[in-house]
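Asker: Read off the chains here:
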Amino acid sequence: MTARIACLTAVVLASTFGLTSAAAAESLDDINVAVDPASQSVVLGEAFTLQVTVTNEGDEATLPLVLHVDITDPQKSTSVDPEDWTSTLSKAIGIVDSGSSLTVDWELQPISGGDFAVYAVALAAGAETLSPSNVLRVTVQDQRSLNPGGILPVAIGAPIVVGGLLLVQMRLARRSPRVPLAGTPG
Amino acid sequence: MTTKRSESSAGWWVIAKQELIDLWFSSKGLSVLLGFTLLLSALSYLASADAGINLLDARESVGVVVQVSIALGTLAALVVSADAISGERERGTLEALLVTPVARRNIVIGKLVAATSMWVAALVVALPFVAVMADGPGVASEAVLVLVVGGGLVAAALTALGLAVSSVSMSNRTSLAASVAILLLLAAPSQLPSIASNGTLGAVFVKANPVSSGLKLANNVLVRQQPWPDNWGFLISPLLAAIVLTAIAIALSDRLELGGAR
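Protein sequence lines, in the order shown, are assigned to chains A and B. Residue numbering for the first sequence is 0 to 185, as defined by numbering that gives the first Met the number 0. Residue numbering for the second sequence is 0 to 261, as defined by numbering that gives the first Met the number 0.
These are calculated hints, taken from the structure and not from any lab test. Cβ atoms here follow ideal geometry from the backbone N, Cα and C, with glycine treated the same way. Possibly wrong hints are sitting among the right ones.
Pulled a few chain B residues facing chain A out of the computed Cβ check, cut under 7 angstroms [as the list claims (entries may be wrong)]:
| # | residue |
| --- | --- |
| 1 | S26 |
| 2 | L32 |
| 3 | L33 |
| 4 | T36 |
| 5 | L37 |
| 6 | L42 |
| 7 | S43 |
| 8 | S47 |
| 9 | A48 |
| 10 | V124 |
| 11 | P127 |
| 12 | G135 |
| 13 | Q225 |
| 14 | W227 |
| 15 | W231 |
Far from chain B, some chain A residues (derived; all Cβ distances over 10 angstroms) [what the hints assert, rightly or not]:
| # | residue |
| --- | --- |
| 16 | K75 |
| 17 | S78 |
| 18 | S89 |
Produce the complete structure using the sequences and hints provided.
Answerer: Structure follows, in structure tokens:
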């Protein structure tokens with residue numbers, strides 16, 4: 000009788016432990032993801048580095064994690080294609096032990112001007128939740144100038160050169176003597 | 000025999016020289032070139048300004064400027080060649096030309112060379128624009144190559160086409176209208192939506208057409224950054240068209256008529 004109760008207790012405890020373990024493994028609530036800096040101001044085309052730090056505040060090691068970066072334009076309520084900003088959308092960082100942190104660098108290069116929100120998300124295969132980071136506010140200034148790409152000298156100079164040649168030619172044509180036709184007064 | 004051959008070969012050069020003088024030492028050639036330059040300047044500036052606010056547009060801007068340079072440059076050459084024979088006919092100077100000791104074939108070849116100089120001049124004007132705009136995205140050498148090779152073959156084909164049309168047209172107005180209409184018809188497929196041009200039949204149609212083939216080459220190499228070896232096929236129809244239309248233009252020289260000027 001005692002043995003049966005012990006076995007039953009062991010089975011119940013084992014099941015409970017198993018369920019608890021499964022729940023902890025599938026939840027990323029104990030994972031803290033932070034991006035740094037909190038704000039960034041760049042000129043169009045200027046690259047900057049985003050640091051993503053993953054901290055495991057739980058009691059157990061995480062599942063193998065994947066970090067994903069996303070970019071959105073809050074003013075237009077649309078998402079920007081992250082592939083325009085970076086060639087690497089996701090990075091696998093493996094398991095993070097309990098109490099440990101892992102930092103990953105991301106190179107981003109904006110391709111259009113405006114105010115954007117950049118954030119990172121930690122995911123794991125089989126996990127029921129994901130862990131988002133804080134938001135990095137990025138301000139990208141357009142490069143508007145009177146001489147975009149250095150084209151202004153050519154855009155102005157070429158017509159001036161061709162027009163000048165035409166004017167010279169017309170003046171030379173006016174100065175050249177007129178030959179009278181036969182039978183007409185000169 | 001040797002004297003006759005050398006006179007024959009010199010004949011086309013005499014005609015070409017005279018046509019070049021008439022074209023470039025009168026206001027005609029430079030006026031057309033000025034129009035081309037002004038259009039290209041405006042377009043290049045607007046395209047560069049747009050590329051300044053979105054880096055992905057920089058390559059597309061270069062592609063647009065190269066395509067427009069090819070289209071406008073070949074149009075300028077076409078206008079000159081379309082006037083070559085029919086213009087003489089209207090001005091009443093064709094008879095004087097036909098009674099010269101220069102063979103009719105050499106007259107046409109000389110006029111073809113002179114009309115091609117309009118494309119060469121347009122190319123010289125377009126090169127600085129393309130070089131400056133293509134420097135940013137790093138496609139300068141590809142852009143120049145597309146302009147010279149692709150654009151050159153398309154220009155050769157259309158110049159010969161204009162001359163052939165001019166040979167059989169009794170008035171300059173008819174010759175110009177017909178030549179420009181044919182150019183617009185040939186350029187139309189390049190403006191088709193991508194769905195139509197990417198289908199099997201659409202792709203064959205684009206490749207078979209020398210004008211759309213040349214413009215597609217510019218788009219693929221410069222905007223889509225496809226390698227040259229994958230796009231050699233787009234040079235076949237412009238090359239064939241240049242050879243065939245030049246042969247037709249020369250063959251039609253034997254049938255030159257005075258028309259209304261008689």
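Asker: Each hint: holds or not?
Answerer: A quick look at each hint next to the structure:
Interface restraint check: B/S26 against chain A, minimum CB-CB distance 6 angstroms, threshold 7 angstroms, status holds. The beta carbon of B/L32 comes within 6 angstroms of a beta carbon in chain A, closer than 7 angstroms, and the hint placing it at the interface holds. With its C-beta approaching chain A no nearer than about 5 angstroms, B/L33 sits inside the 7 angstroms limit, and its interface hint holds. The interface hint given for B/T36 holds, since its Cβ lies 5 angstroms from the closest Cβ of chain A, which is under the 7 angstroms cut-off.
With a cut of 7 angstroms, the hint placing B/L37 at the interface with chain A holds, because the nearest CB-to-CB distance is about 5 angstroms. The interface hint given for B/L42 is violated, since its Cβ lies 9 angstroms from the closest Cβ of chain A, which is over the 7 angstroms cut-off. At about 5 angstroms, the closest approach between the beta carbon of B/S43 and any beta carbon in chain A falls short of 7 angstroms, and the interface hint on this residue holds. Contact between B/S47 and chain A, as hinted, is supported at the beta carbon level, the nearest pair being about 4 angstroms apart and thus within 7 angstroms.
About 5 angstroms separates the beta-carbon of B/A48 from the nearest beta-carbon of chain A, less than 7 angstroms, and the hint is met. About 6 angstroms separates the beta-carbon of B/V124 from the nearest beta-carbon of chain A, less than 7 angstroms, and the hint is met. Because the closest C-beta pair between B/P127 and chain A is about 5 angstroms apart, less than 7 angstroms, the hint holds. With 7 angstroms as the threshold, the beta carbon of B/G135 comes within range of chain A, its nearest partner Cβ sitting at about 5 angstroms, so the hint holds.
The restraint placing B/Q225 at the interface with chain A is violated, with a minimum CB-CB distance near 19 angstroms, outside the 7 angstroms limit. Interface hint status for B/W227: violated, as the beta-carbon distance to the closest one in chain A is roughly 24 angstroms, over 7 angstroms. Taken as an interface hint, B/W231 does not check out: its beta carbon lies about 29 angstroms from the nearest beta carbon of chain A, beyond 7 angstroms. Remark: the non-interface label on A/K75 is consistent with the geometry, its nearest Cβ contact in chain B lying 14 angstroms away (cut-off 10 angstroms).
At roughly 16 angstroms, the least C-beta separation between A/S78 and chain B is larger than 10 angstroms, which holds for a residue marked as non-interface. Annotated as non-interface, A/S89 keeps its C-beta farther than 10 angstroms from every C-beta of chain B; the closest such distance is 22 angstroms.
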